[in-house]
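Student: The residues making up each chain are set out below.
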Amino acid sequence: MEVIKFRKMRNLFILAVAIAMTTSLSSSISANSAVNNPSDCVESARNRTLDRASAAGEDPNGENFMLYLSYYQAWYSICMS
Amino acid sequence: MTKRIILIGILFSFTLSFSQNYVATYKVSFIDRKDFLQKRKKSLLKENKDNIVFFNKIYKTTRPVKARLVFNNESSVYKVKKNMEVDEGKPFDPIYQRAGADRNYYSSSGKSFYKTSLNGKESYVIIKPKEWQLTPKTKTINDIKCGLLTYNLNKKSEIKIWYSLEHKVPYGPEKNFGLPGLAVRVFDRPVKFDLLSLKNTNEKIEIPQDITLKTLKEFKDDNNLNNFFKK
Chain A
0 MEVIKFRKMR NLFILAVAIA MTTSLSSSIS ANSAVNNPSD CVESARNRTL
50 DRASAAGEDP NGENFMLYLS YYQAWYSICM S
Chain B
0 MTKRIILIGI LFSFTLSFSQ NYVATYKVSF IDRKDFLQKR KKSLLKENKD
50 NIVFFNKIYK TTRPVKARLV FNNESSVYKV KKNMEVDEGK PFDPIYQRAG
100 ADRNYYSSSG KSFYKTSLNG KESYVIIKPK EWQLTPKTKT INDIKCGLLT
150 YNLNKKSEIK IWYSLEHKVP YGPEKNFGLP GLAVRVFDRP VKFDLLSLKN
200 TNEKIEIPQD ITLKTLKEFK DDNNLNNFFK K
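Protein sequence lines, in the order shown, are assigned to chains A and B.
Residue numbers for the first sequence follow numbering that gives the first Met the number 0, so the first one is 0 and each next one is one higher.
Residue numbers for the second sequence follow numbering that gives the first Met the number 0, so the first one is 0 and each next one is one higher.
Any given hint could be a false lead.
[To be verified] Where chain B lies over chain A, by a calculated footprint (3+ residues, C-beta under 8 Å):
(1) 44-51
(2) 61-72
[To be verified] If you anchor each label on the Cβ, the simulated ranges turn out as follows:
(3) A:Asn46 with B:Asp221: 20 to 28 Å
(4) A:Ser80 with B:Glu217: 39 to 47 Å
(5) A:Asn46 with B:Lys56: 13 to 21 Å
(6) B:Asn72 with A:Asp50: 40 to 48 Å
(7) B:Asn118 with A:Ala54: 25 to 33 Å
(8) A:Asn36 with B:Pro179: 50 to 58 Å
[Unchecked claim] Some but not every residue of chain B turned toward chain A, in silico, with C-beta under 7 Å:
(9) Pro90
(10) Phe91
(11) Thr115
(12) Lys155
Calculated directly from the structure, the hints in this document are not laboratory data.
Glycine included, every Cβ here is placed at the ideal spot set by N, Cα and C.
Please construct the entire structure, taking both the sequences and the accompanying hints into account.
Tutor: Structure below.
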């Protein structure tokens, strides 16, 4: 009788752990997908590019536009990956 | 008669040297790699600790690249060499991008422009001539007597070019043209271009024909990129 009770308790514990792990995994997936949202990545990549240009004292819309566009695309692709 | 033969000979040799093509090879690298990478890492981490991924993927692995400028008295073509260091899958390589990346730069009949591709569509964008500031400074770099000129990009930075006083052609790497002599060393922060070699070549200079040249504004208008980086 004691053995059956112990087994039941053990199964319940395993089930609880499994549920906890699944919940934590799904919440982490949804958190990641919130970070990797295309519009968020556009915003983030654009802000980072502006920061870089500002640090260099350059206008990102100016002569080095293509360079900053590549920089922006890199941030965007890393954000989305 | 003898004088005429000599004159024809002189004219012939002049025509040969005039039409001779040359290839200048440049090495593009960070002016101060260690200092630049340290500062870049610090500023990226200050923004966000997760930026270490970007730093390791983009900056830590960047290596010097080589670029070729093929020219004669009338025109020039500048291209960056893709090598093992520039990984095809890498989204951005700072030195490769600063060197000119896959944009080809052309100079012909006093006009300069570059070819760029966006979403598979090729465009040719005009480069505005710069008002170079000549300085009285001179020095010898790799046995070539050079003069110095500068161009103020903004309050924070300027382009410095040591140009040859011996090779009177107006070309330099990337968007630098209209110089009093061939560029020997260019400082365009954070990178520098060093002339490694100058040789004769049989390579042809192929300037794209029947193309529409656009200003940067027209190019951006066409691609809905005007004021793309709004503050």
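Student: Next, verify each hint and record whether it holds.
Tutor: Hint by hint, here is what the structure shows:
Look at the region 44-51 of chain A against chain B: 5 of its residues bring a Cβ nearer than 8 Å to a Cβ of that chain, three or more, so the hint holds. Under a criterion of three residues with beta carbons nearer than 8 Å to beta carbons of chain B, the stated coverage of the region 61-72 of chain A is upheld, 10 such residues being counted. The hinted range of 20 to 28 Å is satisfied by asparagine 46 of chain A and aspartate 221 of chain B, whose Cβ atoms lie roughly 26 Å apart. At roughly 33 Å, the beta-carbon separation of serine 80 of chain A and glutamate 217 of chain B lies outside the given 39 to 47 Å, and the hint is violated.
Checked against the given bound of 13 to 21 Å, the beta carbons of asparagine 46 of chain A and lysine 56 of chain B, roughly 19 Å apart, stay inside it. In this structure the hint that asparagine 72 of chain B and aspartate 50 of chain A lie 40 to 48 Å apart at CB holds, the actual value being about 44 Å. At about 29 Å, the beta-carbon gap between asparagine 118 of chain B and alanine 54 of chain A stays in the expected band of 25 to 33 Å. Evaluation of the 50 to 58 Å hint for asparagine 36 of chain A and proline 179 of chain B yields a pass: the beta carbon distance comes to about 53 Å.
Because the closest C-beta pair between proline 90 of chain B and chain A is about 4 Å apart, less than 7 Å, the hint holds. A hinted interface residue such as phenylalanine 91 of chain B counts as satisfied when its beta carbon comes closer than 7 Å to some beta carbon of chain A; here the least separation is about 3 Å, so the hint holds. With a cut of 7 Å, the hint placing threonine 115 of chain B at the interface with chain A holds, because the nearest CB-to-CB distance is about 6 Å. A distance limit of 7 Å between C-beta atoms decides the matter here; for lysine 155 of chain B the minimum to chain A is near 3 Å, and the interface restraint holds.
Hint 4 alone, counting from the list given before, is not met by this structure.
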